[in-house]
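In order, the protein sequences belong to chains A and B. Position one of the first sequence corresponds to residue 48 (the working numbering), numbered consecutively onward. Position one of the second sequence corresponds to residue 1414 (the working numbering), numbered consecutively onward.
These are computed hints drawn from the structure, not numbers from a lab. A couple of the hints might just be wrong.
Unchecked claim - Looking from chain A toward chain B, a few residues come up when the C-beta cut is under 7 Å (computed): (1) G120; (2) G153; (3) L241.
C-beta: ideal position from N, C-alpha, C; glycine also.
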Amino acid sequence: MKFHIDFRRTYACSRLLTSKIVVALVFLVLPTIVMASGFGFGINANRTVQLNNKVGENSINFKSEVPLERILGKATDISGSFTINPDNLQTAQGEIIVAVSSMKTGIKKRDDHLYAPDWLDAAKYPVITFKFSSLVNVKVSSADVQAGRGVATAEAFGNFTMHGVTKQITIPITITYVKESTKTREKAPGDFVLVQANFSVALKDFNVAGTKGQIGSKVGEKIDLEANLYGASK
Amino acid sequence: MKRSSLFIILTFVCVAVLALTRWYVDGKQLWTKQEMVVEIIEKDDIFGTEVRKNTIVPGFWLGLDIAGTTSIIAILAIVVTLRANRKR
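Bound conformation, chain B alone (with noise of 0.2 Å):
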């Protein structure tokens, strides 16, 4: 097997685990995250002016808890795949 597809491999591997041991730990949590506010500005026709108002809306939103976890091991797998890429 090339170095490379074994750095994608480890690197969802990796995810998987981290997302698993979450989602037990925090009972189900992770993917659950079903709603996000949005920020939309309303016009008032009566007072005539505009209102800002922050809405909750349906959306898929990423355990911010693994977020910044799974970004570093996607960044350093691509930087380690690319260096393996280039030595070859």
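Chain A extracted, bound-state conformation (with noise of 0.2 Å):
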């Protein structure tokens, strides 16, 4: 008994074999990897979101420690906006502004060194910015289409300037976004998003030198910041 084998036949079946599996990728396994940077809402258009505060009180918390101190404080002055796809988080772009001189420890001396030119120097550098360009490793942990809310979270690149100096910097975020509804309306138009931010700067990077000997023993050499931003889309 002979095998006769036509190669130019099982040739063609592994060809057809392969494009059908080239395509069953390009429309199964792609959409999945665009849909994971966004929520999947159907709207697939910039927004541009303004920080308001009657969505939620902006505030920006900062903490420094060292060994028998802990100096808690917090910015309100905060300002800014930035455009956001929420069906392409990766194109969100935008800044945020911040006045020196709305940081407060609950202690108006240690406030007073704070703008002090040894330290932030609030005359000088009146404000902190950081203005991101995109975001990457944008992965979605909820999105409820019905509900119009989904969270994500992610990391904003940008140019973080502080003490008149700037750098690139990465912070990871986690962004809610919450579609206009009757609830929402009662506080202020738009669609709502929720901005939250966690990540440290070192005040030498930024050549905040302080006071002589309190950098290590008085104040921390590492700011830990949180930021809880609120803004709603025009």
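Using the supplied hints, reconstruct the complex from the two chains, each of which is provided in its own coordinate frame.
Structure, rendered in structure tokens:
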């Protein structure tokens, strides 16, 4: 008994199978990848989001910790805006501006030290800014299309400017997007966005020398920052 | 006067002198620290998430600048008093 193998037919079959696999990948896997960077609300358009205290109190908490001394504070004069496409979060970009004079620690004298030339020099550098140009590593944690609410984690990449020094940094953030509803309209019009971020900055990276001998003993070399930024789309 | 009582009085005098000096040098700052920052966690219903906020609340704050010195003096006074009592 002889076996005859038709190589031309086998080759044609394998090519057909390969093309089917490619088509399946394009139609099944690609949309999943695209959807993974957005909430799939069917908006797919850029929304300009303006920080708005009516949505929630915009604040940036800061914390310095050294043995025997813990300083807590917060900044409240925060402004800025960003564009965000809820169905394609990677393209988000914008700028957040914090007034140094709004940073408070609960002790006026310590606040005055904070604004002084040795530290943040509020007179010369009145604002701290973060201008981000894109989001990377976007992961959608949850997306409830019916409720119009989605949560995603990402890393905001951009320029952080403090004390006149600009550094490129990546800040891990959590974005919570809520589509406009009767409940949200009670506070403000538009879709709501909450951006939460936790990160640290090293004072020496921004040429903040401080009063001699105080960094490391009374004030931490790194300051932990926690941002809660609320905005509404226009 | 007992030796232990003398140390206690001495401690209070030292603390009082330090406090007054600081008050004079820093322009009455020492006893006017009427606020403190506390961490609170709020639940946000619209966003369905918890938000940690530092909130400034009224509160008395002993001047940090003298807190270390005050504690050292107090600890030394207690140690010396205990040793004096033991010797007796």
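Would the hint on G120 of chain A be counted as holding, given a Cβ-Cβ threshold of 7 Å to chain B? For G120 of chain A, the interface hint holds, since the closest Cβ of chain B sits about 6 Å away, which is under 7 Å.
Checking hints one by one. Is G153 of chain A an interface residue toward chain B, by the C-beta closer than 7 Å rule? holds, 4 Å
Quick one, is the L241 of chain A hint okay against chain B at 7 Å, beta carbons? holds, 5 Å
Every hint from the earlier list agrees with this structure, and none is contradicted.
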